[in-house]
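**Student:** Using the sequences and the hints, build the whole thing.
Chains as they are written, first to last, in our numbering: chain D, 10 to 249; chain E, 37 to 277.
Read the hints as simulated data drawn from the structure, not as lab findings.
Wrong hints could be hidden among the right ones.
[Claimed, not checked] Partial pick of chain E residues on the chain D-facing surface, computed with a CB cut under 7 Å:
no., residue
1, L104
2, F108
3, G113
4, V198
5, L200
6, K203
7, A206
8, P230
9, F234
10, G238
11, Y241
For glycine and all other residues, C-beta sits at the position ideal for the given N, C-alpha and C.
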Amino acid sequence: MRPSLFQTVLFMDLQGFGHLLLEGAWVTLQLALCSLLFGLLLGLAGAAAKMSSSKVANAIGNGYTLFVRGMPELLLVLTIFFGSSALLMAIASLFGYDEYIELSPFVAGVAALSIAFGAYATEVFRSALQEIPKGQREAAVALGMTGFQTFRRIILPQVWRLALPGLGNLFLVLLKDTALVSVIGLNELMRQASVAVGYTKEPFTFYLAAAVVYLLLTCISMGGLYLLERHANRGYRGAR
Amino acid sequence: MNWSWDVIFDNLPKLINGAWLTLELVVISGLIGVMLSLPLALMRVSKRRWVQAFPFAYIFFFRGTPLLIQIFLVYYGASQFDVIKESALWPILREPYWCAIITFALHTAAYIAELLRGAIQSIPKGELEAGKALGMSYPLMLRRIILPRAFGIMMPSYGNEVILMLKGSALASTITLLDLTGMARTVIARTYTPLEIFLAAGVIYLIISAVIIALFRFLERRFNRHQHWPNEKPKDLDAQL
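**Tutor:** Structure below.
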């Protein structure tokens with residue numbers, strides 16, 4: 010006798026597959042944090058390209074955000090995973106190497122997710138950079154700071170505060186998008202749930218359990234973001 | 037590597053067929069989603085805590101979990117229960133097409149409800165008070181003031197949501213549907229030209245998004261036409277496109 014819907018939701022019997030889901034959650038977390046790191050760098054580079062005075066850099070920046078934001082993330086994941094192996098094999102065959110080459114799903118996943126994150130982060134960073142008064146940059150120049158010093162000491166701490174709410178939302182989106190990497194076979198949370206389904210034939214139980222883990226991860230990130238925002242705004246509390 | 041244009045042109049009719057299914061999924065689930073979001077948003081702005089509880093939990097679940105999990109829960113999960121298998125719903129829940137539409141509709145309804153709630157709460161108080169002063173009942177105010185104003189306010193962000201849904205609809209390919217992404221995957225399984233076909237599909241998605249953006253510019257002006265002069269030319273529309 011299989012458990013009813015009510016029993017499933019109430020007791021959520023994982024039949025010893027709980028550790029599998031936990032391992033998957035750990036991979037999901039690693040995937041999200043790696044993609045966050047590279048995505049932030051791409052976002053800063055994209056914002057720099059869009060705000061640069063060079064027409065070519067502008068075109069690259071605009072093309073990047075336009076194309077990536079108009080393309081489904083799943084398609085991006087598939088393109089990078091399968092496309093990169095076609096590309097790598099073509100390059101390798103130039104050197105006389107004709108075996109099958111494939112990017113690992115983790116690397117392909119990080120590449121796809123950070124490219125997607127970077128495109129949205131570009132817009133967030135750009136609007137945050139525009140908020141910083143010109144006078145501050147000029148003051149830094151007047152004090153004899155170099156370009157990099159100005160960026161690190163004056164611009165970045167303030168951009169961080171202004172961009173944090175937008176970046177936080179993007180991170181929550183990124184966390185959910187990691188599920189797409191299961192399609193190319195990375196053993197993250199979603200795929201581990203599928204594996205458990207294959208053994209137990211109880212799809213609802215395990216996908217629901219995975220959903221609950223995603224909800225927990227979302228809640229933890231929201232708490233973390235709240236603390237980060239409070240820390241970033243510490244100089245502004247009580248003002249106004 | 038040999039970049040082949042031929043393989044794109046040969047398979048273009050298939051991709052366009054897939055694009056039609058993508059559009060169908062987005063439009064049908066979008067319409068159902070708007071209808072579902074109305075009661076959710078109205079309950080969400082209620083002053084009573086117990087009325088707020090359901091839409092809060094609903095929105096929290098659908099916005100906090102990946103769409104991929106939701107679609108698997110409906111498509112694979114429903115078959116776990118004999119109650120559902122024996123019910124009249126089973127012929128519908130067996131079809132991937134309807135599972136995709138149901139999931140997308142439930143998913144987008146949560147997002148639209150949240151947009152609608154924000155829009156309803158940002159209607160100037162004076163407009164509602166004016167309605168009350170004229171002796172309008174709640175349903176009449178809803179029909180004449182609250183909803184038309186809320187739709188006008190949320191139109192730009194709703195356009196973004198439709199584009200997110202267009203991108204989300206690619207997940208239909210994971211439950212065997214031959215939408216644009218699904219079609220691209222089947223073509224690639226035969227020709228093994230992933231870069232060409234996936235990029236072609238990406239360009240088709242981009243074109244559809246451009247059409248949606250243009251459509252929502254038009255709708256936005258139409259809903260907020262009281263804010264414009266009658267013969268005013270659309271300002272910098274060309275610049276934005």
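**Student:** Evaluate each hint against the coordinates.
**Tutor:** Checked hints:
A least Cβ separation of about 4 Å between L104 (chain E) and chain D falls short of the 7 Å threshold, and the interface hint therefore holds. For the restraint placing F108 (chain E) at the interface with chain D, the shortest Cβ-Cβ distance is roughly 5 Å, inside the 7 Å limit, so the hint holds. Hint status for G113 (chain E) relative to chain D: holds, with the closest Cβ pair at about 3 Å, below 7 Å. Of the supplied interface hints, the one on V198 (chain E) is violated, with its beta-carbon coming no nearer than about 13 Å to a beta-carbon of chain D, more than 7 Å.
A hinted interface residue such as L200 (chain E) counts as satisfied when its beta carbon comes closer than 7 Å to some beta carbon of chain D; here the least separation is about 9 Å, so the hint is violated. At a threshold of 7 Å, the smallest CB-CB gap from K203 (chain E) to chain D is about 4 Å, leaving the interface hint in force. About 4 Å separates the beta-carbon of A206 (chain E) from the nearest beta-carbon of chain D, less than 7 Å, and the hint is met. A hinted interface residue such as P230 (chain E) counts as satisfied when its beta carbon comes closer than 7 Å to some beta carbon of chain D; here the least separation is about 4 Å, so the hint holds.
Of the supplied interface hints, the one on F234 (chain E) holds, with its beta-carbon coming within about 4 Å of a beta-carbon of chain D, less than 7 Å. For G238 (chain E), the interface hint holds, since its Cβ comes within 7 Å of a Cβ in chain D; the closest pair sits about 4 Å apart. For Y241 (chain E), the interface hint holds, the least distance from its beta-carbon to any beta-carbon of chain D being 5 Å, beneath 7 Å.
Violated hints, in rising order: 4, 5; the structure is consistent with all others.
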